[in-house]
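One line per chain: the protein sequences are A and B, in this order. Counting in this note's numbering, the first sequence runs from 1 upward without gaps. Counting in this note's numbering, the second sequence runs from 1 upward without gaps.
The set of hints was computed from the structure by calculation and includes no laboratory data. Treat the hints with caution; some may be incorrect.
Since the list gives no way to pick out one identical chain from another, each pair is judged satisfied if it fits inside one copy or across any two copies.
[What the hints assert, rightly or not] Capping the alpha-carbon separation at 20 Å, the derived lysine to aspartate or glutamate pairs in EDC-like fashion look like this: (1) Lys236 to Asp124; (2) Lys163 to Asp124; (3) Lys324 to Asp185; (4) Lys276 to Glu66; (5) Lys163 to Asp121; (6) Lys325 to Asp124; (7) Lys334 to Asp321; (8) Lys281 to Asp184.
Number of protein chains: 2
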Amino acid sequence: MANGPSVTPWDVSGTVNYDKLVKEFGVERIDSAILRQIERAAGELHPFLRRGVFFSHRDMNWVMNEYEKGNKFFLYTGRSPSDAVHIGHLVPWMFTKWIQDRFNVDLWFQFPDEEKFLFKDSLDFKKVGHFLQENMLDVIAIGFDPKRTKFLVDTLHANLMYKPACEVAKRITLSTIKASFGFDDSANIGQAFYTAMQSVPAFLPSYLSGRTIPCLIPHAIDQDPHFRIARDVLPKLGFPKPASIHSVFLPPLSGAAGKMSSSIPTGAIYTTDSAKAVQEKVMKHAFSGGQPTVKEHREKGGNPEVDVPYQWLRFFEEDDDKLKKIHDDYQSGKMLTGEIKQVLVDLLVRLLERHQAARAEAEDKVNDYIFKCQE
Amino acid sequence: MANGPSVTPWDVSGTVNYDKLVKEFGVERIDSAILRQIERAAGELHPFLRRGVFFSHRDMNWVMNEYEKGNKFFLYTGRSPSDAVHIGHLVPWMFTKWIQDRFNVDLWFQFPDEEKFLFKDSLDFKKVGHFLQENMLDVIAIGFDPKRTKFLVDTLHANLMYKPACEVAKRITLSTIKASFGFDDSANIGQAFYTAMQSVPAFLPSYLSGRTIPCLIPHAIDQDPHFRIARDVLPKLGFPKPASIHSVFLPPLSGAAGKMSSSIPTGAIYTTDSAKAVQEKVMKHAFSGGQPTVKEHREKGGNPEVDVPYQWLRFFEEDDDKLKKIHDDYQSGKMLTGEIKQVLVDLLVRLLERHQAARAEAEDKVNDYIFKCQE
Chain A
1 MANGPSVTPW DVSGTVNYDK LVKEFGVERI DSAILRQIER AAGELHPFLR RGVFFSHRDM
61 NWVMNEYEKG NKFFLYTGRS PSDAVHIGHL VPWMFTKWIQ DRFNVDLWFQ FPDEEKFLFK
121 DSLDFKKVGH FLQENMLDVI AIGFDPKRTK FLVDTLHANL MYKPACEVAK RITLSTIKAS
181 FGFDDSANIG QAFYTAMQSV PAFLPSYLSG RTIPCLIPHA IDQDPHFRIA RDVLPKLGFP
241 KPASIHSVFL PPLSGAAGKM SSSIPTGAIY TTDSAKAVQE KVMKHAFSGG QPTVKEHREK
301 GGNPEVDVPY QWLRFFEEDD DKLKKIHDDY QSGKMLTGEI KQVLVDLLVR LLERHQAARA
361 EAEDKVNDYI FKCQE
Chain B
1 MANGPSVTPW DVSGTVNYDK LVKEFGVERI DSAILRQIER AAGELHPFLR RGVFFSHRDM
61 NWVMNEYEKG NKFFLYTGRS PSDAVHIGHL VPWMFTKWIQ DRFNVDLWFQ FPDEEKFLFK
121 DSLDFKKVGH FLQENMLDVI AIGFDPKRTK FLVDTLHANL MYKPACEVAK RITLSTIKAS
181 FGFDDSANIG QAFYTAMQSV PAFLPSYLSG RTIPCLIPHA IDQDPHFRIA RDVLPKLGFP
241 KPASIHSVFL PPLSGAAGKM SSSIPTGAIY TTDSAKAVQE KVMKHAFSGG QPTVKEHREK
301 GGNPEVDVPY QWLRFFEEDD DKLKKIHDDY QSGKMLTGEI KQVLVDLLVR LLERHQAARA
361 EAEDKVNDYI FKCQE
């Protein structure tokens, strides 16, 4: 679509300037007042909040105020199946699990299995169906509470979703989706309609129960255009605007601009990668902030700001003290490039071992998570 | 949308020039060769065929050739619920029943309950749901074979229809629907997507069975733009182009241009009208081709070509000899305006009595007609 840096639900490229996005998208920075409010309710702050991995929001204060008054929200997030899950995908899910556990709330997890089908010529429903099954295992492996988690698959739950999607669609013009997503008249009519389906889980619990339940959507910032439209339309249907909280992107292994993408295998660590593959990918491909020679590195130190191993540790090393020591040692030159890479490898291997064990047990649990309509 | 005469699925106004439509839409006139072929297979010709009420088609010869080779087609037609059914609606349904009976074929009857909802601000799903139930009774009252007739309701069968609709939608651009339906960017995204849902029954039996079954769609000519698009897309999905056969519009009682519309109550006879209402409407509102005075009428005779009672008798009086006698007597002045109106009233009252009796028994049968997926 556009050239230059771009952040849309289908394209994240170029160096992402989050300050600019905050202004352009009209979202709010997470400030210390909200952090205090979350900490009061949750009893702690997730590292992603302490470290700005989740950096902006819409109406998070309203959600927290309602929560403090006893009006619980529900969570909504999702995964559009089209490829294998990589560790970048885990970021919002890990955070979502933390909120579910700390606030004891329902999670509606959407698998819009038509979305990527509509956007990629090369995808048919058979391929999507394969990734749907695989991706569900990864989501279950995160450890969401099966009693409080409901999977919605657009084509399997169309009886439930198509009618409310039409309610939304009636109130969105072609002009709006062109302006929001950069479509032109060569877009297909399924792409045009799709955002209505993505809006449905944001009000489905209220629609089904007849009560007004606040919705909180943790997601990577590129999905914001969908929910901006939903926030515009839902009040017209008598539902509150969904609130949201947004993460930055996990940078690709190569350190290149944009976000980690499954379409560049050497730039991504998949949830099914072996310890050997992780070792090889990090050692070979992780962009380093270190100096060209050990001698020079010992003298000048490394640059954690551009060093992908360090940047990734900011996402996945939960211990603040450990992280600080790594930062300082690397910056001072005490820790070498090979060493910081090995720290990351060890951490990822532990994380993936746990994930893969949970994933292996997930196959029998899929049916427990699929939402069943009480009709 | 456009000014001047217009024939689109949502607007039929002005004097309809069928010759011009045949050219514009690129359909073929029904000729004597096809009539002979239909008569050979059916054992007779329906009056609508003998009298040109069904006047044009697409690929009807292919359907008949396949039928003669033993490859049976299925029928597909529908009703978009938004208002009470009037006798103009019965025309394609009566013809569809005749084909079902004569050729012993399946009928898929679609009730796209989202269509008018998406096009009319004043309609909500509650109102549509009311008309859906009412309209189903009228369709059942036509007497379709319950073993061979399957009702599809878009919101009730979305689990079945949304996925194949996405297959179609992926291959239709916004440009195409703008050109086909006269939409601009103020159209809503549901309207844009809708034609994909209308295309689904045209290949659903093939999609579900894995066999290639020809589809024949009897419909009023205004629906052609939808099926023109379906004919373009379906071969790309490996399904044959649906064939179709098209009726003219029953003129409104007032004789005005356009088609009978439920939104002008005095211009329409509803299937639930009492004998008294029929008598009053025909006597008061039917546009007459007679002369201003009885004396003048006896001298100059009436004009059956513009006389709505005579035009309606061409649709509903099945006996060719009777019809000819009415025509000649009216044209010669032997039959007066009040008399030809009374002939029509008597015929409509008989037709509606039968219809209403069948309609009263239809309530218990709805469930037999609703298509059940074997999953």
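Hint check results:
no., hint, verdict
1, Lys236 to Asp124, "between (35 Å within a copy, 13 Å between copies)"
2, Lys163 to Asp124, "between (25 Å within a copy, 11 Å between copies)"
3, Lys324 to Asp185, "neither (51 Å within a copy, 54 Å between copies)"
4, Lys276 to Glu66, "neither (48 Å within a copy, 61 Å between copies)"
5, Lys163 to Asp121, "between (27 Å within a copy, 16 Å between copies)"
6, Lys325 to Asp124, "neither (48 Å within a copy, 62 Å between copies)"
7, Lys334 to Asp321, "within (17 Å within a copy, 108 Å between copies)"
8, Lys281 to Asp184, "neither (39 Å within a copy, 50 Å between copies)"
Hints 3, 4, 6, 8 from the list above are not met by this structure, while the remaining hints are.
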